[in-house]
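Colleague: Read off the chains here:
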Amino acid sequence: MTRTGVLIETGEGKIKETNFGVLTAARGKGGDNEVYALLIDGDAEALKAELCKFGVQKVIAVSLASGDLAASPEAQAGAIAAAAKEYDLKAVMGLASTIGRDLFARMAASLDLPLISDCISVDIDEKSGVKSHFSGKTFATVKVDADLMLCTVRPNAIEAVEAPVDGEVLSFSATVADGAGVKIIERKKGDGGKIDLTEAPVILTGGRAIKSAENFTMLEECAALLGAAVGASRAAVDAGYAPHAMQVGQTGKTVGPKLYLACGVSGAVQHFAGMKTSKVIVGINTDKDAPIFAKSDYGIIGDIFEVIPALTEALK
Amino acid sequence: MKIFVCIKHVPDTAANIKLVGDNGFEDSECKFIVNPYDEYGLEEAVSLVEKEGGEVVVVTVGKGAATATLRSAMAMGAARAIHVQTQGQFLDSTLTAKALKAAMDQDGAADLIFTGKGSVDTEGAQTQYRLAAAMGLPVVNEVSRLTIDGQKATMEKEIGGGEREVLEMPLPGIIGATKGLNEPRYPKFPDIMKAKKKKIQEMAIGDLGIDENAGASQLVKLEAVPERSGAKMLEGSVQEQVAQLIKVLREDEKII
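For the record, the sequence lines run as chains A and B. For the first sequence, this note's numbering begins at 1 and goes up steadily by one. For the second sequence, this note's numbering begins at 1 and goes up steadily by one.
If you're looking for bench data, these hints aren't it; they were derived computationally from the structure. Do not rely on the hints blindly, as some may be mistaken.
Unchecked claim - Examples of chain A residues lying across from chain B (beta carbon under 7 Å, computed):
| no. | residue |
| --- | --- |
| 1 | 109 |
| 2 | 115 |
| 3 | 133 |
| 4 | 137 |
| 5 | 142 |
| 6 | 180 |
| 7 | 185 |
| 8 | 190 |
| 9 | 296 |
| 10 | 299 |
| 11 | 302 |
| 12 | 307 |
| 13 | 311 |
Glycine residues also receive a C-beta, built at the ideal position from the N, C-alpha and C atoms.
Only chain A is shown next, with the shape it has when bound in the complex:
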């Protein structure tokens, strides 16, 4: 039994769905780990019920004794590290999201502890994790030697399984040393309502064949029915059809959804680097020899301007 902490990420006051897979992993192979949820924002009392459904025994509402927690990534990392010490946690895990990657790296660096980044599976007893190396071409098993194991988990990599328990909320006020001076001064909203690509359980990606920025509406419409996010290949981004924030692959986002629909994407190595760990890949392309088919689970040879509307219609 290992007392394991999980940094919970919230969005608009709600727990991001992808946290539940991390909580599932935190319970350990035998499912007997004591799981502490660490909250640095959001209303702990309101979120407790949902966390306990996934085996959380203690919900720690972390605050700062003095200073603005929300504006300082250094203070956030320091506060999580302080909570790990206060509650004698032996492992702390979180999502390999933009925020999680940053906070865990800050924490690992300041505590001078190893960190296994972006794991697709974790073994807390062995203090090891499996992660991608070489742009998704290999899996590396990395083992750490530390009293406190730190790791981040790729969103959607571990399936969430409920294990309801009774839990309680504890408050922890952290005192942290002054950081080197990084301040968040503003958060600029995106186009509103868009699902984060790295969090999305289903992704539809448009490639060069999408032909224009306007044609992405066709993918958006289908995505809405699947609860999916819409991505773009590098070719589509470079052609100006989509912003870089939507790019999947090398120099873009790395994603691992349950379902990945590549729509008019040829399937370059650099594209696979960003989506290879998807559970099911479906390729749709007019060219039967497109590389995408060699590495997909299902293929449809056809024009996306016929297939996608037909899919949208069938899903309605």
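Since the structure of chain A is provided, determine the placement of chain B on it from the hints.
Modeller: The following block gives chain B in isolation, referenced to the frame of chain A:
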């Protein structure tokens, strides 16, 4: 303005990785390049120095063959290079950071340090943070927009769903660059020729008092990701194929 750019010598992302033993790969058989994300940091450093004067120094920790990678970086505009030489490709990020710090300390303080947001070989994205902690400097990673105003850097990073965070930090500091920051230049032939004459200062990691095998994390196993054996092609009219797809996703895969 003096700027250090930390670069990594990594296998080309398109290279085939031939695994050797439990945790090694055959590096003599693949092409190596400057880690793609580091190029954004390098381009930013070179254009800052072109505007304001100063010097860009590239620093790497890696095997002897990394010389070629340093030459490529100098062809992009760095004035000189420092090469901390290792025996292996995989170094614990704590040790890489220590080696980078030791090399930079010997060379003298800089106004700014760039790295890439992470490397495409080990995909850890930790070294810049460990370097910052070791040097007592602030760090912001995944920077896609940067403005420098005297002793202050203002940066933007994308945090998902198109949302952006604006951050500020005092300088000197460390910036982990990513796509969006700029468009890295392609070196022209004269730049490549000039780079051959630029100075590379070499030192062994052991001479900096660092044991490259003493890391707290260990790469136990490296294995090829199982390749899909080719798609099951659906058949029939567009409507029939779509109907089949929905059926397998619902009934066999149970994912929608």
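Colleague: Each hint should be assessed against the structure and marked as holding or not.
Modeller: Status of the hints after comparison with the structure:
At its closest, the beta carbon of residue 109 of chain A sits 4 Å from a beta carbon of chain B; the interface hint therefore holds under the 7 Å criterion. Annotation: interface hint on residue 115 of chain A holds; nearest CB of chain B at approximately 6 Å, less than 7 Å. Interface hint status for residue 133 of chain A: upheld, as the beta-carbon distance to the closest one in chain B is roughly 6 Å, under 7 Å. Interface hint at residue 137 of chain A: satisfied, since its Cβ lies 5 Å from the closest Cβ of chain B, which is below the 7 Å cut-off.
Annotation: residue 142 of chain A was flagged as interfacial toward chain B, and the flag holds, the nearest CB pair being 6 Å apart, inside 7 Å. Interface restraint check for residue 180 of chain A: the shortest CB-CB distance to chain B comes to about 4 Å, inside 7 Å, so the restraint holds. Hint status for residue 185 of chain A relative to chain B: holds, with the closest Cβ pair at about 5 Å, below 7 Å. At a threshold of 7 Å, the smallest CB-CB gap from residue 190 of chain A to chain B is about 2 Å, leaving the interface hint in force.
A least Cβ separation of about 4 Å between residue 296 of chain A and chain B falls short of the 7 Å threshold, and the interface hint therefore holds. Checking residue 299 of chain A against chain B: minimum C-beta separation of about 3 Å stays under 7 Å; hint holds. Look at residue 302 of chain A: its Cβ gets to within about 6 Å of chain B, closer than 7 Å, so that hint holds up. Taking 7 Å as the C-beta cut-off, the interface hint given for residue 307 of chain A holds, the closest approach to chain B being about 6 Å.
Below 7 Å, beta-carbon pairs count as interface contacts, and residue 311 of chain A has one with chain B at about 5 Å; its hint therefore holds.
In terms of the numbered hints stated before, the structure departs from none.
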